[in-house]
Amino acid sequence: MFRSALLASVIVAGVGVASPVFAQSTVYIPAILELSGAGAVSGTNFRDGMLLAIDEINAKGGILGRKIDTPLLDTQSDAGISRAQVQKVLDNKPFVILGPVFSGSVLVDMLLTQQAEIPEIVGGEAAAITQKGNPYVFRTSFGQQFSMPKIANYMRDGVKAKTVGVLWVNNDFGKGGRDTFVKEMNARDIKVVADISTESGQADFSADVVKLKAANADAVFVYLNEEESARFLREAKKQGLNKPLIGETTLLGQKVIDLAGEAANGVRGHVGLTVDAPIPAVQEFAANFKKRFGYACDHNGIKGYTAVYFIKHVTEKIGKFDSKAFAEAAHGITISPKDQPGILMEATWDKNGDIDRISFLGEVVEGKQKIVETLPKLNK
Amino acid sequence: MASFIQLLVSGLATGAIYALIAVGFTLLWQTSQTINFAQGEFVMLPAFFVLAAMNAGAPFWLACLIGIALSIVILGVLFKLIIVDPMLKYGVLPLVISTIALSLFLKESAKDFYSSQAQPFPTLVPATDIHIFDAVISTQSLAVLAVAILTVVALNILLTKTRLGRQMQATAQNPTLARILGIPVQRMVLYTFLLNAVLVAIASILVSPIYLAKFTNGETLGMAAFIAAIIGGFNQVRGAILGGLILGVLDNLSAAYISSQYRGAFPLIILIAVILLRPQGLLGRVEERTV
Amino acid sequence: MTRLGTAVLVGATMAAIVAPFFLKPYGIFLISTWAVLTIAAIGLNLTLGYAGQISLAQGAFVGIGAYTVALLTPLGVPFFLAFLAAGLLCFAVGWGLGYPALRVQHHYLAFVTLAFTTLVFLVLRNEQWLTNGIYGITGTPRPSILGWSTSGARDFYFFCLGILAPLSLATWWMLRSPWGRAFVALRENPLRALSLGLDTRRYTLMAFAIGSSLGGLSGALYAPLVQFIEPNSFALGLSFNLLLMVIVGGAGNFFGPFVGALVAVLLPEWLRITQGYYLILYAAAIMVMMAFCPSGLLGLAERAIKSLNGRRAGATAAVRAEGAGP
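Protein chains in written order, with our numbering: chain A, 1 to 380; chain B, 1 to 291; chain C, 1 to 326.
Among the hints, a few may not be true.
[Claimed, not checked] Taking lysine-lysine and the DSS-like style, the derived pairs with C-alpha atoms no more than 25 Å apart in a straight line are: (1) LYS213(A) with LYS160(A); (2) LYS351(A) with LYS60(A); (3) LYS306(C) with LYS89(B); (4) LYS24(C) with LYS93(A); (5) LYS24(C) with LYS324(A).
Hints listed in this document are in silico derivations from the structure and should not be mistaken for laboratory results.
Every value quoted in this text rests on a predicted model; they were computed, and no experiment measured them.
Based on the provided sequences and hints, a complete structural model is requested.
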């Protein structure tokens, strides 16, 4: 008798403790992120960029006079847990939700947030996220359906490749990128002669390099996570794979350059967000981040930082904490660093929640990422 | 043909890493019936000890010694006293659960107390590439291969030619009888744990320059160690090295020639086949059943 | 069963029925997860606690069950047919896996089932034409029973309870039968059981297959509960989690899975207060638990009760303890 009563009260208590006590002087904007598991690097970067922005804003009085209250919830990089966390925060009526970064988790969470009509600013890059007709999802980085055409154009016009090999990591990030990339290649009549999947956490890329050498493509598109990119680049250099290696933001990141050393030189690619952008606001952010957290942030840090300032700007524009009004106002909005320095670069959000912004073509030269060209927004 | 040789050579290099980790795993199983599901994390952790020592100002060679010493204390002595000893009397299963929990504990500790990012790790041998018959192998990989072989040879000598080693073997085969014969059984078992701690520390220092020190390293390495140990033979140290090499080569060949999406499947299929058809592994002795 | 035991059981049942009225949707989601996972844990308890076989494949069976339902229901197949199909499929696969695998010793079986789980994961991930691969399957609908829609959180919870109860009763009945007695004999002393004429292989295989089909039935409920399934959810992590539930609750104890699943679902929630170190604390808690009560929480409770009774009267207490529990 006692044990069951005890159990019951403990269940209630356990769930009850989870709900925050928030006063009218704060606004509840919870963050659901990958803080452990496979996505821990992306999630912690997003979190730290976010925290930097929140502290800056709270120091100046918060949004419309209310400080931002952002409890952190860990999805453990699992979509099921992510969904459970979303359910938990929705019970407490948030204003806006931040995260997650993993596209798989985003897609699941969207089912709930759309139903509850709460906007979600996510870090996921899969094309599918903004193609489901959800008016409440937004992102602060390019979806794959925006970045891949830019890379494909570069393949066709810059590299002038007629055949290409694709090396991708077998998770939702890598597969989604590969699928979108292959589609863009087919649309431009460039033949995919090697289509090689790799495992997350893989250390030995000798078999993959052997296959790429045998395929003899004009260029290789590399779409892996950070450490794997570094290991691949080293193996490619070791075995003498001499073709142009083209990638996306991750491949040219400082992290990969540090880990791959000399093997990273010569790598080229499209860079959506980077702390190396030749823009003073971005440089200042990067310095502040490094000073506070002790490491150089990757593009996920910028996603998190700009997401909070995005929320601030739209909320101040509508003048109230109304989730539905937020979503309506956010579609079609253009935010310039003149009005909101924290947004770092001018950006426009379309009716699907996707972002349009300048981006860059980069190359790794002597151990540093160099921006070779600035690409304009798709729609001026 | 050149690519086949390259695959073979790279496979042997990776296989040597698996072999080194599998050896300690096999030893623990032989002498104390401990299936250490945390073996992968045991290899992941010493690298962080070394990095922490270097952050505190120690030069690399000193940091390595500190790392090995810390391994011996934490992964050897503490592991045995706090986790294995209390649970051994309850049977294999609680110990298995405990080591599974331990692997989670070590992994999360490394992530929370050091970093979730991969850390570059300094290398013992300068990283140059050597060309052998049209294939390229790095000196680091050769070093791992050499150390792995040396270790097995040394262990073999220890176990068969020295008195201490023979006592350890006796303890493994029949602890009760060994005790009657006056062998200090508990001490022998302790030595095995210390030996494993040294082996994993060495493996860690050799492997981390290639794999980079990251808290998730234990997952793949641990799984590879189990598979290598079983394929080669759970109750023979030589089996571990054969199993490791076969695993490394097989992984590469299947990824290159059969399917990259199913590259993880082939070692598992071989594992199932070995367990069902020849459970003592390729080089192992058949386990006698005690009534 | 003892009077105390019956009272506790009645109390716990009442708590299970009354709880959702005091909880927010998230809390109801948690106890629904508890109900669903308990079914899988009961299955694993049969295999592990009663038949004494270490299986790391239960997570894969939950996955097979979940995918069966997630693929069949959008095609128009009524839920209960898909539910049964999940159970039967897993029974068949369990039988097929167990037939060769159960010949080997316990620790080897752990590795065979470990390999099986990873292989199932690879197939689920790579065969995109069938399973939608890494992208997973979203939006499995919750069933309607004779006009009663279960899409609400509370309704679905009662639906899960409505499946857990008969399954538990069926398992209870099976264990009390001569068949069940044979299982226990297997675990206690396989050689003796053999010498008494039991076909140990047949019984062990049966236990394994039934345990697997319960895993499949659990998966069949998991799909409409979470409404998103992907290969990663059913890999080794789930198998370890289920193993943990059975051991922590008390392997071989009928109510062990219930308690173990409750702990597994609630403990991370309580520890979440520690904001980030909770996985470390969770792992440490498991290790401590294993060192002090390896027969699980219910084993600990039994010992506590026995020592309490022992103070009253030595012999009668021993006799009463003998008759307690299945």
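- Message: With the threshold set at 25 Å, check whether the alpha-carbon distance from LYS351(A) to LYS60(A) stays at or below it.
- Response: violated, 31 Å
- Message: LYS306(C) and LYS89(B) were given as a pair; does the straight-line alpha-carbon distance stay at or below 25 Å?
- Response: Since the Cα atoms of LYS306(C) and LYS89(B) sit roughly 21 Å apart, the hinted pair holds (cutoff 25 Å).
- Item | Straight-line alpha-carbon gap LYS24(C) to LYS324(A), limit 25 Å | Status holds; Cα separation ~23 Å.
- Task: Verify the proposed pairing of LYS213(A) with LYS160(A), using a straight-line Cα cut of 25 Å.
- Result: This hinted pair holds, its Cα atoms lying about 19 Å apart.
- Query: Are the Cα atoms of LYS24(C) and LYS93(A) separated by 25 Å or less?
  - Reply: holds, 12 Å
Consistency note: the structure conflicts with earlier hint 2 alone.
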